[in-house]
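Generate the whole structure from the sequences, applying the supplied hints.
2 protein chains.
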Amino acid sequence: MTDTEKIRKRGRPRAFDRDQALNQAQALFHVHGYEGVGVAALASAMGINPPSFYAAFGSKAQLFDEILARYAQASPLLDVLDLPGIDPAAALARLLRNAASAYSADPAQAGCLVLENGRSTDADAACRARDCRDASVATIRDFVARSHPEQAQVVADYVAAVMSGLSSDARAGHATDRLIAIADMAALAIRAMLEPEGR
Amino acid sequence: MTDTEKIRKRGRPRAFDRDQALNQAQALFHVHGYEGVGVAALASAMGINPPSFYAAFGSKAQLFDEILARYAQASPLLDVLDLPGIDPAAALARLLRNAASAYSADPAQAGCLVLENGRSTDADAACRARDCRDASVATIRDFVARSHPEQAQVVADYVAAVMSGLSSDARAGHATDRLIAIADMAALAIRAMLEPEGR
DNA sequence: AGAATTATGTAGAGATCGCTATATAAATTC
DNA sequence: GAATTTATATAGCGATCTCTACATAATTCT
Chain A
91 MTDTEKIRKR
101 GRPRAFDRDQ
111 ALNQAQALFH
121 VHGYEGVGVA
131 ALASAMGINP
141 PSFYAAFGSK
151 AQLFDEILAR
161 YAQASPLLDV
171 LDLPGIDPAA
181 ALARLLRNAA
191 SAYSADPAQA
201 GCLVLENGRS
211 TDADAACRAR
221 DCRDASVATI
231 RDFVARSHPE
241 QAQVVADYVA
251 AVMSGLSSDA
261 RAGHATDRLI
271 AIADMAALAI
281 RAMLEPEGR
Chain B
91 MTDTEKIRKR
101 GRPRAFDRDQ
111 ALNQAQALFH
121 VHGYEGVGVA
131 ALASAMGINP
141 PSFYAAFGSK
151 AQLFDEILAR
161 YAQASPLLDV
171 LDLPGIDPAA
181 ALARLLRNAA
191 SAYSADPAQA
201 GCLVLENGRS
211 TDADAACRAR
221 DCRDASVATI
231 RDFVARSHPE
241 QAQVVADYVA
251 AVMSGLSSDA
261 RAGHATDRLI
271 AIADMAALAI
281 RAMLEPEGR
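Protein chains in written order, with this note's numbering: chain A, 91 to 289; chain B, 91 to 289.
Some clues are possibly wrong.
Quick partial rundown of chain A residues pointing at chain B, CB under 10 Å, derived from the structure [as the list claims (entries may be wrong)]: (1) Gly123; (2) Gly201; (3) Gly208; (4) Arg236; (5) Val245; (6) Ala250; (7) Val252; (8) Arg268; (9) Met275; (10) Ala282.
No lab work stands behind these hints, which were simulated from the structure alone.
Here a beta-carbon is modelled for each residue, glycine too, at the ideal position from N, C-alpha and C.
Structure below.
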């Protein structure tokens, strides 16, 4: 008995599926970016009118926050770091490879929603997206620090920088194998950094 | 006798310095991005009114094109590739280091104007900026191809990806030394790629 | 001097932006 | 059934966007 069946509230029931509407909005934000999508387009894609939009999501900015959190939580990219007893360099290499694949898998949603919107012209949206990014970088840093505390910061920054480049390339329309080649080359520096005295 | 002294044309002379106005516009575009600056702000920074703006530059898009070309031509980053007899890996390592420095040198103009605007929400502006970027990548690829034709494409793509990440980090406010650490680590992959059989 | 040409300032058109006032419809509670 | 609560649709507000119509000022050519 999950609570998927919502308890009926008092007033008039909502005429649309909130979660489905979030999916539509996420797709639009992914394609056009925060600033490239207007409330009119969002509401239209959701099949509703602006007042219903504001009643359900508060504002465009709040909706974006909600979608950022959703996206970050649903992203499986950082899961490789939780595999027990994995070699750090190998884990990060797989992370980059997975990112290269994920970012270019769906041409309609190329790149990373978080990384791409970290450069939005809208100061608030960019700041929120960057906070989201920083949290992921911190996760990577802590992961590396468990075995290589000295190099943890640089390695995490480096991985994030490469991911940013991969996301940008994906949005430029580059094919998956081209991105994977970059990711694999980038892994060379990670191995050199984490296993300096040849195995 | 350079032709800096412009030949007087027929009608009323322009009341502002066109080149100086371009500088103002470039600074604004660098800080706020193509979409973050309006014609009103551009004209105001130039000390003119919209009609003079359109008479002198055609449109916001045309002005941006002109500034992109200006910026790319004035950028000294790719000059290291022209140093005679330089080691390819060392040249690219220096290129990345220089980019890390340049992108974070002036906090008021962090990152690369071209790379940052390649992700603009405005389709035209993003496309023009990406064309500009592609030209630079081609230059790097040709440079690498002279000594390592097989690896030229990946290495050039990789360098561009790292530069994109550096630019993004610079815009996020990261300090120069943090960027340089990333650049130096990135250089490890270049050396590993171009000198595979240990020196 | 007068005609032709170019630049300038004022003022605003037309579109889109995020957002909301208002009235009505559909559900629950009393 | 009446009161309460919540969602919906229509319509539009004020701000901002790119860009321009218009009249006027400043220069060169004849």
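Consistency of the hints with the structure:
Restraint check, Gly123(A) versus chain B: the minimum CB separation of about 5 Å is within 10 Å; hint holds. Because the closest C-beta pair between Gly201(A) and chain B is about 8 Å apart, less than 10 Å, the hint holds. The interface hint given for Gly208(A) holds, since its Cβ lies 7 Å from the closest Cβ of chain B, which is under the 10 Å cut-off. The closest approach between the C-beta of Arg236(A) and any C-beta of chain B is roughly 19 Å, which is over the 10 Å cut-off, so the hint fails.
This hint holds: Val245(A) has a C-beta 7 Å from the nearest C-beta of chain B, less than the 10 Å allowed. The closest approach between the C-beta of Ala250(A) and any C-beta of chain B is roughly 7 Å, which is under the 10 Å cut-off, so the hint is satisfied. About 6 Å separates the beta-carbon of Val252(A) from the nearest beta-carbon of chain B, less than 10 Å, and the hint is met. Satisfaction of the interface hint for Arg268(A) is found here, the shortest Cβ-Cβ separation to chain B being roughly 6 Å, below the 10 Å cut-off.
A hinted interface residue such as Met275(A) counts as satisfied when its beta carbon comes closer than 10 Å to some beta carbon of chain B; here the least separation is about 5 Å, so the hint holds. Because the closest C-beta pair between Ala282(A) and chain B is about 4 Å apart, less than 10 Å, the hint holds.
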